[in-house]
Amino acid sequence: MISIQNLHKSYVTGNNSLHVLKGLNLEIAEGEFVSIMGSSGSGKSTLLNILGVLDDYDKGNYYLSGKKIWGLNETQAAITRNAMIGFIFQSFNLISFKNAMENVALPLYYQKVNRKKRNLIAMEYLDRLGLKDWAHHLPSEMSGGQKQRVAIARALISNPKIILADEPTGALDSQTSLEVMDILKEVNDQGITVIIVTHEHDIAALTRKIIRLKDGVIGEIITNGDLQNYRDRLKQE
Amino acid sequence: MFDVDIWQEIFSTIKKNKLRTFLTGFSVAWGIFMLMVLLGSGNGLSNGVKVQFAENAVNVMWMWTGETSVPYNGLKEGREVKFNNQDYDFLTTKSKDIEKVSSRYYLPNDILYAYGKEYGSFETSTCYPSLKEMENINIKTGRFINDMDLREFRKVVVIGDEIRKALFKEEDPIGKYIKIGDVPFNVIGVSEAKRRNQDNNRSAYIPFTTAQRIFNGGDRVHTFTVTSKMVQTTEEAEAITEKVRQDMSKRHNFDPADKRAMGSFNMLTEYIRTMKIFQAINLFVWIIGIGTLIAGIVGVSNIMLILVKERTKEIGIRKAIGATPFSVVSLVLLESVLITTVAGYIGLVMGVGLMELVNFGLEQAAAAGGGDNVFFKNPTVDFGTAVSATLILILSGALAGYLPSRKAANVTPIEALRDE
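Protein chains in written order, with the numbering used here: chain A, 1 to 237; chain B, 1001 to 1420.
Calculated directly from the structure, the hints in this document are not laboratory data. Accuracy of the hints is not assured; some may be wrong.
As the list claims (entries may be wrong) - Dumping the calculated BS3-like pairs for lysine-lysine here, alpha-carbon to alpha-carbon at most 25 angstroms:
#1 B/Lys1250 x A/Lys98
#2 A/Lys98 x B/Lys1229
#3 B/Lys1229 x B/Lys1250
Claimed, not checked - Sample of chain A residues lacking proximity to chain B, with all beta carbon distances greater than 10 angstroms (derived):
#4 Ile2
#5 Asn25
#6 Glu30
#7 Gly52
#8 Leu54
#9 Thr75
#10 Arg81
#11 Asn93
#12 Leu94
#13 Ile95
#14 Lys98
#15 Leu106
#16 Asp133
#17 Arg154
Claimed, not checked - Pairwise CB distance ranges (calculated):
#18 B/Arg1418 x A/Glu124: 29 to 39 angstroms
#19 A/Lys185 x B/Gln1008: 34 to 44 angstroms
#20 A/Arg115 x B/Arg1020: 26 to 36 angstroms
All C-beta atoms, glycine included, are put in the ideal place defined by N, C-alpha and C.
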């Protein structure tokens, strides 16, 4: 699904060049449930941006679903994002003057699906997430958990291959966080690859694989079976 | 892209910022309103002056003779110059710039018109049929003088409406005989001047040939009224005058520069000169109007820039979930075009409406009488101008939205989503 080899990315500001990703290699198979962790400055946001086709890279290879992501213009990038990737953000990023249904339907608008049809589909997804009664409410009238569920519905509506979640529980209390993680797990159970960027250990521990970034490369990968040991180790820390 | 959704998106942002949208739209509406009022006023002035020219054909020219004031070709000054029938033949056949010619022979000033017991002294215009067009003579009843009248030296007369009132009172004058001097003339028509030059209602028209023969004119012609070919510049009009003067100076042996030997007045020169002034006024009005409009457009552009700045995050979200740069550009551009077009159209309608109202008032005043000296007539804007103004509006809306929409298209999702 995702194949990254020797990925380099630097940010140039004036005379200073900040080398963030330094030859990173990463393979994520279809249907994986992965979390990316790392201290600030480790390059996890940068990696997420590149994974999400929001940013380009300097050197290396990035294959998404067998297709090399390189040198896309803005329109091509937008179409790729729309077709392949569903985004979930810490601050939900719903459009404030649109109600829940319209927010969920928006990706289909950019696929030129007609209004009636996409609103119908949006209602379906809202129903699945238990928000049918909130379809005509504005984001400002909803709780954080509800907003994040709307955002998840929006991420799912275009049938993406990958869900990229940037600190999806960062703005939620622990109870709601667990609910959101349950939903993401269900999503993953349907075969969609889910990648979560987080700095919360207990959230990361709910995924099946943890990738720890360190100084622009993979520091450590902890998979399924090791997870129990990892949890124990965390408790000791 | 022109589906309901994009308009819904636009309306929802407009609804969120009612006051701002109103103020922006107002500046555009004001600009186009002023443009329409200025253009209408310019047209009003121009039309007012055109009405004054409309007394006569605009390309009419009058010529008369006097005494030479300078010696010429060995001839002394103080010699009388006289036009004659050969000059008429020359003007009609040889002079290529001259189209129509009417000769005039003056009758004695104190000549009396009489019908039954009524009599009075009136002006007599002896003429050819072409004078009707040259001096825009309006026939109320009967007919004007024709070629047959001239060929057969008929004693017929067309009388002005004032003459009819003085001599005939309520009686129908057509077919009756009046005496001019001691000669009976058959009344064939009544002329009535409209609004302006009402003096002409005290004029009578008789065939030139008849007048020359009956009142012992020989082949003497006092003045010529001619129309020249239409030209566009005062220089060309002056050249026509000059050419005729030279021709006449050759025929009658006087210095062509001698204004006292032969006088002339070419209406066309004045007409062109006046129209040039109004063209300049019109251009000036457009410049001012467009200037005002530009101020409005800069306002729209400014607001759209702020709007894009405010919506950076939203645009970022849209782009993250698949909005192409094109769809973002059209969102901003269409909003700008919408605001300018709607606001501008309101201004347009109000401006045109105001000028129509003024026009209505003027027409009412004129109809009530005393509207004779209006220097301001029909101050309205024609359809073509309104259409071009509308096109300018749409274009300027697009122009106003261009920069902001570029800015919107350049929003990168990463940066937009970063600022919390």
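Consistency of the hints with the structure:
1. In summary, the hint linking B/Lys1250 to A/Lys98 is not supported, as the alpha carbons are separated by about 91 angstroms, beyond the 25 angstroms threshold.
2. About 71 angstroms separates the Cα atoms of A/Lys98 and B/Lys1229, which puts this hinted pair outside 25 angstroms; it is violated.
3. Annotation: proposed proximity of B/Lys1229 to B/Lys1250 holds, straight-line Cα distance about 22 angstroms (limit 25 angstroms).
4. Every Cβ of chain B is farther than 10 angstroms from the Cβ of A/Ile2; the closest lies at roughly 18 angstroms, confirming the non-interface assignment.
5. With a closest Cβ-Cβ approach of about 23 angstroms to chain B, A/Asn25 is found to remain outside the 10 angstroms limit, as its non-interface label requires.
6. For A/Glu30, the non-interface assignment is confirmed: its Cβ lies about 21 angstroms from the closest Cβ of chain B, beyond the 10 angstroms cut-off.
7. Once the 10 angstroms rule is applied to beta carbons, A/Gly52 is inconsistent with being away from chain B; the minimum gap is 7 angstroms.
8. Separation of A/Leu54 from chain B is inadequate, the least Cβ-Cβ distance of about 5 angstroms not exceeding the 10 angstroms criterion.
9. In this structure A/Thr75 is not separated from chain B by more than 10 angstroms, as the shortest Cβ-Cβ distance comes to only about 5 angstroms.
10. Separation of A/Arg81 from chain B is inadequate, the least Cβ-Cβ distance of about 5 angstroms not exceeding the 10 angstroms criterion.
11. With a cut of 10 angstroms on Cβ distances, A/Asn93 falls inside the contact zone with chain B, its closest approach being about 5 angstroms.
12. Separation of A/Leu94 from chain B is inadequate, the least Cβ-Cβ distance of about 8 angstroms not exceeding the 10 angstroms criterion.
13. Annotated as non-interface, A/Ile95 brings its C-beta within 10 angstroms of a C-beta of chain B; the closest such distance is 6 angstroms.
14. With a least beta-carbon separation of about 8 angstroms from chain B, A/Lys98 fails to lie farther than 10 angstroms from that chain, contradicting its non-interface assignment.
15. For A/Leu106, the condition that its CB be more than 10 angstroms from all CB atoms of chain B is violated, with the nearest at approximately 6 angstroms.
16. The Cβ of A/Asp133 lies farther than 10 angstroms from every Cβ of chain B, with a closest approach of about 23 angstroms, so its non-interface assignment holds.
17. With a cut of 10 angstroms on Cβ distances, A/Arg154 falls inside the contact zone with chain B, its closest approach being about 7 angstroms.
18. Checked against the hint of 29 to 39 angstroms, the pair B/Arg1418 and A/Glu124 passes, with Cβ atoms roughly 32 angstroms apart.
19. Between A/Lys185 and B/Gln1008 the Cβ separation comes to about 36 angstroms, which falls inside the hinted range of 34 to 44 angstroms.
20. Taking the beta carbon of each, A/Arg115 and B/Arg1020 are about 28 angstroms apart, inside 26 to 36 angstroms as hinted.
When the structure is compared with the earlier hints, violations turn up for hints 1, 2, 7, 8, 9, 10, 11, 12, 13, 14, 15, 17 and for no others.
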